[in-house]
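Per my numbering, the sequence shown starts with residue 2, numbered consecutively.
Please note that the accuracy of each hint is not assured.
[Stated by the list, open to error] Here are the computed lysine-lysine pairs in the DSS-like style, where the Cα-Cα straight-line distance is at most 30 Å:
| # | residue 1 | residue 2 |
| --- | --- | --- |
| 1 | K149 | K183 |
| 2 | K149 | K210 |
| 3 | K247 | K210 |
| 4 | K183 | K210 |
| 5 | K150 | K118 |
[Stated by the list, open to error] The calculated label-pair distances, taken between Cβ atoms and stated as ranges, are:
| # | residue 1 | residue 2 | range |
| --- | --- | --- | --- |
| 6 | P76 | D48 | 16 to 26 Å |
| 7 | V35 | D232 | 40 to 50 Å |
| 8 | G28 | L213 | 40 to 50 Å |
| 9 | G77 | G46 | 13 to 23 Å |
| 10 | E168 | P253 | 13 to 23 Å |
By construction, these hints were calculated from the structure, which means they are not laboratory data.
Predicted model, so just to flag it, every value in this text is computed and none were measured.
Even glycine gets a Cβ: it sits at the ideal position worked out from N, Cα and C.
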Amino acid sequence: MKKDGITDLPTCKDYDLKLRFYGYLLGVLSRMGVELYRVTVEFAGKDLAFLVPTLYAERALYNLEHVLCDYYQVPGVVPRPGNRVLDVGGFLGFYTVASAALVDPGGVVYSVEPVEKIFSLLYENIRLNRLSHVYAYPIAVCPESGFKKLYVGDYPAVSSLLREHVEHYASVESVIEVKCIKMSNLLGYIGVLDVLKLDIEGLEVDVLKEALGELRRTRAIVVEVHTNVVDSGEVVRLLNEAGFNKTVVYVPADAPNQVIAYATR
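Generate coordinates for the entire structure from the input sequences, incorporating the hints supplied.
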């Protein structure tokens with residue numbers, strides 16, 4: 002069903018029971034030595050499938066619920082058919098795949114994920130959903146181009162260039178070297194965007210500052226702000242400076258250190 006051209010999206014309560022069951026099941030499978038399990042959820046009238054590692058299944062499924070519940074709540078930042086979307090911080094592809102379902106084959110989704118073992122799963126989840134209009138890149142978006150140390154958490158979603166950020170949520174499992182591209186260069190390459198999603202684990206302010214000029218070609222943006230290392234007020238100020246004059250800030254009750262800023266023109 003559609004209203005004003007936007008497909009009705011599920012609410013959090015639609016996912017809670019099913020994902021709790023999956024969390025229990027994947028915990029059992031992990032103890033049995035099963036490494037991956039296929040999870041299916043309905044979103045915008047379509048079945049989305051994801052391969053999820055059982056090792057950190059509970060946290061990954063919480064992230065899936067968080068993405069589907071929280072990232073699509075403000076109409077101005079919900080991708081529409083034919084839109085161009087960039088997902089910076091793709092992780093397992095939850096936002097990438099869900100947005101691809103919304104833009105349909107007439108649109109395009111770009112996804113960036115720097116951790117090699119996670120990028121492999123992101124790529125598999127794109128293939129699993131048969132998304133020919135999604136393009137994924139194994140790079141990091143940073144304030145400067147070059148090669149940087151990335152601290153990989155035992156829960157990889159919190160991996161970051163900032164060791165203190167990773168240790169706030171998890172243990173550092175490894176340190177790897179990743180190729181960085183500046184946000185301004187990436188936006189210059191892609192061109193005009195309808196929706197930009199940023200979840201870059203503590204680099205929000207520095208990356209936004211570097212890309213202020215190129216951000217003016219982006220219609221809407223959703224930023225996950227990690228307030229253990231970033232001031233959400235500074236993020237909002239930078240969004241305003243980039244020309245986003247309509248801003249909504251949301252603080253999930255169960256994750257007060259993760260503020261979501263939605264902004265449109």
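Would you pick out the hints that fail for this structure and give their numbers low to high? Hints that this structure does not satisfy do not exist here, as all of them hold.
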